[in-house]
Amino acid sequence: MSPVGPRDPAPSRLAYRLQRLMLTPGFRRFLRTGLPCLAVIGTVGILAADQERREAVRLWVDDLKAEIQQRPEFMVKLMAVDGASPVLAETIREVIPVDLPMSSFDLDLPDMQAKVQQLDAVKSAELRVRPGGVLQVSVDERQPVIVWRNAEGLELLDETGHPVMPVRHRQARQDLPLIVGRGADQRVAEARALLDVAAPIDHRIRGLLRVGERRWDVVLDRDQRIALPETEPVQALERVIAMDMAQDLLSRAVTHVDMRNVQRPTVRMADTTATELRRISANQAGATTE
Amino acid sequence: MTDLYQSQRAMRAMRTAAMQRGVIAILDVGTSKIACLVLRFDGPGRTRGNDGIGSLAGQSSFRVIGAATTRARGMRFGEIEAMAETERAIRTAVQAAQKMADVRVDHVIACVAGGDPRSYGLAGETELDGHPVQDADVARVLAACDVPDFGQGREVLHAQPVNFALDHRSGLNDPRGQIGNRLACDMHLLTVNGALIEHLIYCLKRCDLELAGLASGAYVSGISSLVEDEQELGAACIDMGGGATGLSVFMKKHMIYADSVRMGGDHVTSDISKGLQVPLATAERIKTFYGGAVATGMDDREMIEIGGETGDWELDRRTVSRAELIGIMRPRVEEILEEVRSRLDAAGFEHLPSQQIVLTGGGSQIPGLDTLAPKILGQQVRIGRPLRVHGLPQAATGAAFASAVGLCLFAAHPQDEWWDFAIPADRYPARSLKRAVKWFKDNW
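These protein sequence lines are chains A and B, in that order. Take 1325 as the starting number for the first sequence in the working numbering and just add one per residue. Take 342 as the starting number for the second sequence in the working numbering and just add one per residue.
Be aware that one or more of the hints could be misleading.
Stated by the list, open to error - Subject to a maximum C-alpha distance of 20 Å in a straight line, what follows is the list of computed SDA-like cross-link-like pairs (lysine to any residue):
#1 Lys440/B - Arg1353/A
#2 Lys546/B - Arg1353/A
#3 Lys440/B - Thr1579/A
Said to hold, decoys possible - Derived contacts from chain B toward chain A, CB cut-off under 10 Å, selection only:
#4 Arg414
#5 Val435
#6 Arg445
It is worth saying that the hints were derived from the structure and are not from the lab. As the structure is a prediction and not an experimental result, all values here were calculated from the model. We put the CB at the ideal spot given by N, CA and C, even for glycine.
With the sequences and hints as input, model every part of the structure.
Written out as structure tokens, the structure is:
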């Protein structure tokens, strides 16, 4: 009844080889790490080979993303503009093209900041999303210091000569001094220095005129003018002011004070005054000759 | 001769490669069992290099990490008879050992017990020009040994220089560095049947294993079973295996003679089987449980159930006394020992200063052998067990594993053999010299 012989205890050649293979360290390492990696990559590859399935996954991911982004925690509901005048604030609101409420993921802050900074009246701007869903726009506004009249019209400039905003009438900003002429905006600092020096005759100054983009004329009322040299105009103006203090130069019948040649200041008198002076001189001469 | 030289050198290179890798297998292909040990070379002795042989005679450099034994199949008289069967047995043993070691082995050192080993004593001498002896001189004197005609189909298994003489001084272990005019050497050459080795290599190849060394079973049993002073003063180790009984004679720590008797424990088993009319498996079991070599009065009364499964009640209920069993075993054991005695006499064993005889191998475990053996072999007989090596499982410490343990020691620290020295230049064929000259011309 028993089988023909006892079971052969020897492993078959295949089993023997297989066992030796399994004892090979490299092969075991491959089984432990390489094979699972291959399986995962293979499965993903096969699944992703189908266009439809890929689309479905992409759609699902997009949906999920949108769902998270649209959560109330990420929504921006308000825009707050700080540090800007009401006019500028209005402009900024016009410039930033967002219709709130909106998800903070959709806001392109660098782009909006660039747009705000492109505005003339804005020196620097800082945008951030504050907790509570507020888009905070902090603006450092340019302060106009001078009015510049040029071919196009009147414009307010800040201390660096950067345009701030145009104005319609001179009367709108009576408080600011006026400069005129092409290239005057390049030399705003110099103009302000001149105006500082001319403080004693402040009430008489109508404005500064840039002549030929190289030198200044100080224009006073009563059609008086002080022509300043190209170099060191401030010192020249100081001398004129000093002469005025000492001899009331500007309150006399003088139309032009020409300081263009610093060594030789020249004064032009009004026509009638000159004739009168010549006559008086002649009379005196006659008297002496008589 | 050059062929053998090359193949043996290749085996040595393989052994070095295996040591580098750190794992090597030991395969003792016997007639009754096949033992496979897996050694890992990672001990402190490993990095010693050529500086001596390391602590504990090189034994500390390795440990046994896998061991397996299986019943041998297809073997007879220590020789491979049915290759497919033997291959399967080797596969079983190697697989189990690998599994225990949890490492794959590619190199194997094997020993052969049978193959009709024959010993030759060779002598050679060469002239020195008064300069210190160098490796090249040793190689020259080894090459000068006149090789006897050992016949067709024989392979050289060992060729060990056992003695050097420089002028009138003999008994030198290592003549290198000494000055003399004439260097002579004695070499022990052991040849076995070439077919046996070819069969073994074929079986190992079929198992995807590379042979990294080959040793005589008698020799490696001697290494493991003889203690140092026995090896030094002269002793014979008798490895009583299943199909063959190997004997090796050691002196001055060198094997000087080896032989084998084509009788062993399997013959005792077959005697019992024939005498008691029982199957071989039953006979083997009875032999190992109740066997003995010397009967006493007590043995007459100890009855052994022989058993059987024929269905015949009378036949299946037979009993024999232990004395009867011993009566069957003893003549065969005596015959084996007498044959060994005659071989030893033929080898001139009685001329050795000490004539210690150590019985080892599975057959040496027969109770009463220590009483029987002195009657035949002389008074200086002891039963030897192999020494303990690191990591060897308890089950593999018995006398039956003497040659497996010896192979471990052999693997850790093989004795210098002829092929460990370079072939002297003048022995190369002229062609290679020409080639060398050409190489020089081409490159300089």
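Hint-by-hint comparison with the structure:
no. : hint                 : in the structure
1   : Lys440/B - Arg1353/A : 18 Å, holds
2   : Lys546/B - Arg1353/A : 27 Å, violated
3   : Lys440/B - Thr1579/A : 120 Å, violated
4   : Arg414               : 8 Å, holds
5   : Val435               : 8 Å, holds
6   : Arg445               : 4 Å, holds
Of the numbered hints listed earlier, those contradicted by the structure are 2 and 3.
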